[in-house]
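Peer 1: Just need the whole structure built from these sequences, with the hints factored in.
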Amino acid sequence: MAGVWRKIASVVLLVAPAIILFDFALKNPTLQSVATDLNNWAVVVGAFALGIGAYSLVLRHGRMISKRRPEWPYSIMLLLTMFTFIVTGLVTGSITSPQYNWIYTAIVMPVSSTLYGMNAFFIASASYRAFKAKSWEALVLLVAAIFLMLKNAPIGGVISPVLPQIGGIIWDFAGATGMRALLIGIGIGTLALGLRVIIGQEKTPLGGAE
Amino acid sequence: MLIAGKVSWALITLVFSLAMLVVLYLASRKIYVPQIREHPGVHAITEAVGRAAEMGRPVSFSPGTSSLYDTKYAGDTAAALTLLGYVAKEAVKTGSKLIVGIAPPTVLPVAQAIVQTAYSLEGKSEEYVEGDTVRFYSPDQWGFASSYIGMMYRERVAANFLFGGHAAEALILAETGATVGAMQVAGSTNVYQLPMYVVACDYTLIGEDQLAAAAYLSPDPAQKGVIFGQDIAKLICVGLIVLGAILSTAGIKIIYQLLAS
Amino acid sequence: MIDAAMLSLLISTTLILAVYSILYRENPAFRIGEHLMVGATVGHAVVLAVFQIRDLAWRKLQSGIATGNIAGIAYVIPMFLGVFLYFQFTSKFRFLARVSIALMLAVGLSLSIRGLIFVNVIGQIQGALAPLTTLPNIAYLIGVVCALLYFVYERRASEATGPLPKIGRYVLMLTMGAYFANTIMGRLSIVIGTLTSLFVVPAWYLIPVAFLVICADALIRRKTPKSAKAG
Amino acid sequence: MMIFRELLSRNYKQIIYLALFLALAIPLVNPIGLPVPVQKTTMGVYNKIESLKPGDVAVVGSNIGAAIYAEVYPQYIAILEHLFRKEGVKVLLVGHGTEAPIWAEKALNEINAYGRKTYGADFVHLGYIAGEEAAVAGLCRDIHALLKVDYKGRPLTDLPMMKNIKSAKDFTIVMDFTASADSQYWLNQAYATYGTAVGFGLTAIKVPDAYAYYTAGQIFGILESLSGAAQYEVLIRRPGMAAQGMDAQSLAHLLYIALMVLCNAFVVMERRVKK
Numbered sequence: 001m002a003g004v005w006r007k008i009a010s011v012v013l014l015v016a017p018a019i020i021l022f023d024f025a026l027k028n029p030t031l032q033s034v035a036t037d038l039n040n041w042a043v044v045v046g047a048f049a050l051g052i053g054a055y056s057l058v059l060r061h062g063r064m065i066s067k068r069r070p071e072w073p074y075s076i077m078l079l080l081t082m083f084t085f086i087v088t089g090l091v092t093g094s095i096t097s098p099q100y101n102w103i104y105t106a107i108v109m110p111v112s113s114t115l116y117g118m119n120a121f122f123i124a125s126a127s128y129r130a131f132k133a134k135s136w137e138a139l140v141l142l143v144a145a146i147f148l149m150l151k152n153a154p155i156g157g158v159i160s161p162v163l164p165q166i167g168g169i170i171w172d173f174a175g176a177t178g179m180r181a182l183l184i185g186i187g188i189g190t191l192a193l194g195l196r197v198i199i200g201q202e203k204t205p206l207g208g209a210e
Numbered sequence: 211m212l213i214a215g216k217v218s219w220a221l222i223t224l225v226f227s228l229a230m231l232v233v234l235y236l237a238s239r240k241i242y243v244p245q246i247r248e249h250p251g252v253h254a255i256t257e258a259v260g261r262a263a264e265m266g267r268p269v270s271f272s273p274g275t276s277s278l279y280d281t282k283y284a285g286d287t288a289a290a291l292t293l294l295g296y297v298a299k300e301a302v303k304t305g306s307k308l309i310v311g312i313a314p315p316t317v318l319p320v321a322q323a324i325v326q327t328a329y330s331l332e333g334k335s336e337e338y339v340e341g342d343t344v345r346f347y348s349p350d351q352w353g354f355a356s357s358y359i360g361m362m363y364r365e366r367v368a369a370n371f372l373f374g375g376h377a378a379e380a381l382i383l384a385e386t387g388a389t390v391g392a393m394q395v396a397g398s399t400n401v402y403q404l405p406m407y408v409v410a411c412d413y414t415l416i417g418e419d420q421l422a423a424a425a426y427l428s429p430d431p432a433q434k435g436v437i438f439g440q441d442i443a444k445l446i447c448v449g450l451i452v453l454g455a456i457l458s459t460a461g462i463k464i465i466y467q468l469l470a471s
Numbered sequence: 472m473i474d475a476a477m478l479s480l481l482i483s484t485t486l487i488l489a490v491y492s493i494l495y496r497e498n499p500a501f502r503i504g505e506h507l508m509v510g511a512t513v514g515h516a517v518v519l520a521v522f523q524i525r526d527l528a529w530r531k532l533q534s535g536i537a538t539g540n541i542a543g544i545a546y547v548i549p550m551f552l553g554v555f556l557y558f559q560f561t562s563k564f565r566f567l568a569r570v571s572i573a574l575m576l577a578v579g580l581s582l583s584i585r586g587l588i589f590v591n592v593i594g595q596i597q598g599a600l601a602p603l604t605t606l607p608n609i610a611y612l613i614g615v616v617c618a619l620l621y622f623v624y625e626r627r628a629s630e631a632t633g634p635l636p637k638i639g640r641y642v643l644m645l646t647m648g649a650y651f652a653n654t655i656m657g658r659l660s661i662v663i664g665t666l667t668s669l670f671v672v673p674a675w676y677l678i679p680v681a682f683l684v685i686c687a688d689a690l691i692r693r694k695t696p697k698s699a700k701a702g
Numbered sequence: 703m704m705i706f707r708e709l710l711s712r713n714y715k716q717i718i719y720l721a722l723f724l725a726l727a728i729p730l731v732n733p734i735g736l737p738v739p740v741q742k743t744t745m746g747v748y749n750k751i752e753s754l755k756p757g758d759v760a761v762v763g764s765n766i767g768a769a770i771y772a773e774v775y776p777q778y779i780a781i782l783e784h785l786f787r788k789e790g791v792k793v794l795l796v797g798h799g800t801e802a803p804i805w806a807e808k809a810l811n812e813i814n815a816y817g818r819k820t821y822g823a824d825f826v827h828l829g830y831i832a833g834e835e836a837a838v839a840g841l842c843r844d845i846h847a848l849l850k851v852d853y854k855g856r857p858l859t860d861l862p863m864m865k866n867i868k869s870a871k872d873f874t875i876v877m878d879f880t881a882s883a884d885s886q887y888w889l890n891q892a893y894a895t896y897g898t899a900v901g902f903g904l905t906a907i908k909v910p911d912a913y914a915y916y917t918a919g920q921i922f923g924i925l926e927s928l929s930g931a932a933q934y935e936v937l938i939r940r941p942g943m944a945a946q947g948m949d950a951q952s953l954a955h956l957l958y959i960a961l962m963v964l965c966n967a968f969v970v971m972e973r974r975v976k977k
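Protein chains in written order, with our numbering: chain A, 1 to 210; chain B, 211 to 471; chain C, 472 to 702; chain D, 703 to 977.
A portion of the hints provided could be inaccurate.
[As the list claims (entries may be wrong)] Coverage of chain D stretches by chain A, computed from C-beta distances (three or more under 8 Å per stretch; other residues unrestricted):
#1 713-719
#2 731-741
#3 962-974
[What the hints assert, rightly or not] Sample of chain B residues lacking proximity to chain A, with all beta carbon distances greater than 10 Å (derived):
#4 236
#5 251
#6 267
#7 304
#8 363
#9 452
#10 459
#11 464
No lab work stands behind these hints: they were computed from the structure. Glycine included, each C-beta is placed from N, C-alpha and C at the ideal position.
Peer 2: Below, the structure written as structure tokens:
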């Protein structure tokens, strides 16, 4: 049984990519609808996976509470919040209902925007720690960053109109050279990794060889 | 038959795939085994795990916030999971505590299986704690980020690995790692987050580096062969670019039109 | 009295300050924010997943059975595959999750491959074919070739190209520096937005409170040097 | 200098964070008014709107959402303000997405539109149209066939201004505020088909794509993120939230540069001491 099931997995790994890749280049309505369905199937399976995550989370925090680990009150708070969201969402039947909207805007929105904005603070500390011109490479990194900042911030153009121009030249050069090479490399690398997974040479992303 | 504009795509995918498969075959049959240079970041992974073991502090790993079926970063996630296999093995071998923080639920069962296998292969199954070694945090990038940085502070991790598709939370994770004094190796194919890693981490596997590292660290040495296939593909690209640029200087746009076909 | 809107504002302001307190050090206020956020986002995701399964699979299955459409009935397959994922927790039937994972990975990888080859590889090569009539274009060609050669891993091939990969490394560093600096404006506008929302009454009153708490904590910690430093 | 260094080396992160907080907070509380150089693309928008004559019709694509609010909303306010200052220019607001009309109303109230001009005669808010590019195409072909009522449910036939506005042929300019693909829709449907002049107000991330259209002369101008809004505020002499934001941006950027220079200065100093 296990052996047969694993064979099916290898077949899926080979057939699904074939359908999706051929669908891209060939104009065939049947192929197209099969490819769309395959994509939806993956989304459906993925939606089920969330249950595993929730289970794992409840398991961990339940253990923390029952064993009175130092952080157990936070765990209670986490589980309570989680169930409040689930109950509110499922009872009101929509994530746009006023009640649901209220708890969402009160908690998720401010924390998200705060963490996102915290990047600005971390950029500052990283700038102080990491931009030491200890090698030529680091110097190049530093110079490019400074000129780009002077290009973006209005103050650069006020100090001298030449500064944003230099920044512009560096920006164009970076986009046409380094970024281009990076993107090409990523395309090729993904193809290589994908091929190895598809033909069954790389089993780790499936959960190991067992 | 083929859709106009996709002919070049089909051709290039075919040629590149063939190059990779042929080299892979030659390497597995030991007919031609390419010599692949080691990226310093790859060596640093081993070093960081060893350092954590010496300090008696944990190792943390994040395989990214992109799901298994992400339309852009699926390769990134797969590479991160391969690297997780290697890091887990090293951590178990050296006896450091491993903490894997998971964001996408689809990655969770895979990561659990990988880590559990690594523990049982070394005969340390009892050290793997369900729900605790591999921790699911939150599918939301900021929910995940807040937990992951909280964990890094409280566990005082000594080595931190950030691979896979991270978005704007990348710098937050990396800079917190630097604050708690962890040695950090990161990699991604998200070109907007790579600069953050380059600045904040000790070693960065830039773009393709990470994807190649996945093959380089594979337990099966023949897998390194595929990296030479990638090189051939890149050299074809270099050839196309140089030839195309020279031809277009002469006013001949044949390569451009070929690629647009 | 405090109405719903005011309460929401107070909660969100407190959370903003609690999360920002991590910049000082790891502390209970941050932990509260962290655990609330995880609970909220996981709960949200569960609700979304339930709706997704309902709309994407259950409804299609229902209409498939009603009309006899095979594609609709076939949606029973991913639902079973989804349930199989849960056998991950048993040691005996763990293998059942394999096909579900294979399906997701296969779909993701093939979608990535087709998009990345088309956009990244072909699109970028096309972009690099500018005629070599201007100085920038010549510089771009040299730069992109060097940067690509940096990614050549085979030892002999890499050595055969001489100093070019090394130059490529500099080109990549320049790119990293430029892209790093270019994200700053966007990040700053987010934090400016958050600060603007803090600088209105009544949220405004909470800022000095937060500062006083931090100062008090700093003083206490200075007097007791035993406590380990996290910041 | 040495004291400074001592402080930074001991608690450097907290001090840097505090400095950045001050650099951001001070201009928000008390605007400094640092100078802002005006870009060509912004000037293009300004000149176009300045050249509008009485009777001309300006369509404002109102697609503000929470995600793009910080970058685009200040531009939106500035443009509406400018349009409302022009005597006799008719303004037509329309957007995609359920959220859009709420933001549009908020903006109209913020510039006191209802107090300054007559609704129905000088400006009309159509609300949102569902259906992506097809909807824009429909709107350009025949407004009255696509929509019967405005945002608040009043019949279009009751609004005097709408009598003379039937299709994209009657639009003088379209100014679209967005962060998504819909800028493309107006370019395809209004500019390509009817030759209506089109301009954009965009988030920073969308600008590179749009810039190609600008250099090709297909659009008359672009407002680029918060900096575009700040420049526009300077041009129409109405410093608002964007100008304040720009002060904070300038100070923060200067702080980042100072930090980079400072850490290198310390490295050099250390070397000297060692010698």
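Peer 1: Are 3 or more residues of the segment 962-974 of chain D near chain A, judged by a Cβ distance of less than 8 Å?
Peer 2: With 5 residues close enough to chain A, the hint holds.
Peer 1: Taking C-beta pairs only, is residue 304/B more than 10 Å away from all of chain A?
Peer 2: The claim stands: residue 304/B keeps its Cβ more than 10 Å from every Cβ of chain A (closest is about 20 Å).
Peer 1: Please settle this one: residue 452/B was flagged as non-interface, so is its CB more than 10 Å from every CB on chain A?
Peer 2: It holds; residue 452/B is separated from chain A by about 13 Å at its closest Cβ, greater than 10 Å.
Peer 1: Under 8 Å between beta-carbons, do enough residues of the segment 731-741 of chain D, three at least, approach chain A for the coverage claim to hold?
Peer 2: holds (count 4)
Peer 1: With d taken as the least Cβ-Cβ distance between residue 363/B and chain A, does d exceed 10 Å?
Peer 2: holds, 12 Å
Peer 1: According to the definition I'm using, a residue is off the interface if its beta carbon is farther than 10 Å from all beta carbons of the partner; does residue 267/B meet that for chain A?
Peer 2: Residue 267/B is indeed farther than 10 Å from all Cβ atoms of chain A, at 18 Å.
Peer 1: Do at least three Cβ atoms from the segment 713-719 of chain D come closer than 8 Å to Cβ atoms of chain A?
Peer 2: holds (count 4)
Peer 1: Say whether it holds or is violated: residue 459/B keeps its Cβ farther than 10 Å from all Cβ of chain A.
Peer 2: holds, 16 Å
Peer 1: Is the Cβ of residue 464/B farther than 10 Å from every Cβ of chain A?
Peer 2: holds, 20 Å
Peer 1: Grab the minimum beta-carbon distance between residue 236/B and chain A and tell me whether it stays above 10 Å.
Peer 2: holds, 14 Å
Peer 1: May I ask you to check that residue 251/B keeps its beta-carbon over 10 Å from the closest beta-carbon of chain A?
Peer 2: Fine: 14 Å to the nearest Cβ keeps residue 251/B off the interface.
Violation of the numbered hints given earlier is absent; every hint is satisfied by the structure.
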